[in-house]
Amino acid sequence: MSESQITIPTEKSLTALVYFVRGEKVFIDADLAMLYGVETSALNRAVKRNPDRFPADFMFQLDAQEWENLRCQIGIASSHGGRRAAPHAFTEQGVAMLSSVLNATRAVQVNIAIMRTFVQLRRLMDSNRDLARRIDSLEARYDEQFSAVFDAIKQLITDESRRKGKPPMGFL
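Each residue of the sequence shown is one higher than the last, beginning at 6 in my numbering.
The reader is advised that the hints may include incorrect statements.
[Said to hold, decoys possible] Distance windows between CB atoms, simulated:
1) Ser142 with Arg88: 39 to 49 angstroms
2) Arg127 with Thr163: 51 to 61 angstroms
3) Leu143 with Gln78: 28 to 38 angstroms
4) Glu144 with Met39: 35 to 45 angstroms
5) Leu143 with Arg50: 45 to 55 angstroms
6) Met39 with Ala69: 19 to 29 angstroms
Bear in mind the hints are in silico, worked out from the structure with no lab data behind them.
Just so it is clear, the structure is predicted and the values come from calculations on it, not from any experiment.
C-beta: ideal position from N, C-alpha, C; glycine also.
Throw the hints in and build the complete structure from the sequences for me.
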C-alpha cells in the first residue's frame with residue numbers, strides 16, 4: 006500500500022480500543038498491531054528488542070485476572086486458538102514510544118491519531134470532573150435550602166399544635 010492509500014483511524018474508532026486497566030488508559034498490543042498493519046508477534050518482538058524504551062509505566066503485561074476480565078468485556082474466545090500469553094498493555098507514553106521502534110510511515114501517522122485520541126479523552130475526563138464538582142456544589146446548596154425548609158415546616162407544626170390549646174405532654 007502506498008503512503009497516499011494509508012487509512013488513518015478516526016478518534017471515535019480509536020476510543021473504542023482504549024481500555025482502563027490498573028487505573029490507566031491503555032491500548033492492547035493486538036489492537037495496536039492491527040492499527041499499525043503489523044502482526045502482534047512482530048510488534049512484541051520490536052518491544053522486546055528495546056526493553057530500555059518501555060519501563061513499567063509505559064507498558065505492562067496483564068495478569069491472569071485482568072486478562073480474563075478483558076476477554077469477558079470484548080468477547081474473546083478462551084480456548085481453541087488465539088493467544089497463549091496475556092497481552093501487553095501500552096499507556097499513552099508507551100504508544101508514543103512505539104513509533105520509535107516501528108520504522109514505518111503508518112506507525113507515525115497512527116501514533117499522531119492515537120495521541121489526539123488520548124488528548125480528547127483527557128479533555129472529556131476533565132469536563133466530567135468539572136461537571137461532578139458543579140453537581141456537588143448544587144447538591145450542597147440545595148441540601149442547605151431543603152434543611153431550612155424542613156426546619157420551617159417543623160416549626161410551623163409545633164406552633165400549630167401549641168395554638169390548638171392542647172395541654173402539653175410530658176413533665177413541665
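Here's how the hints hold up against the structure:
1. Ser142 with Arg88: 39 to 49 angstroms: Once the Cβ atoms are compared, 47 angstroms apart, the range 39 to 49 angstroms for Arg88 and Ser142 holds.
2. Arg127 with Thr163: 51 to 61 angstroms: Given a distance of about 54 angstroms, which is inside 51 to 61 angstroms, the answer is holds.
3. Leu143 with Gln78: 28 to 38 angstroms: At roughly 33 angstroms between Cβ atoms, Gln78 and Leu143 fall inside 28 to 38 angstroms, so the hint holds.
4. Glu144 with Met39: 35 to 45 angstroms: Holds, since Glu144 and Met39 (Cβ atoms, about 44 angstroms apart) stay within the stated range.
5. Leu143 with Arg50: 45 to 55 angstroms: holds (54 angstroms)
6. Met39 with Ala69: 19 to 29 angstroms: holds (24 angstroms)
Taken one by one, the earlier hints all hold for this structure without exception.
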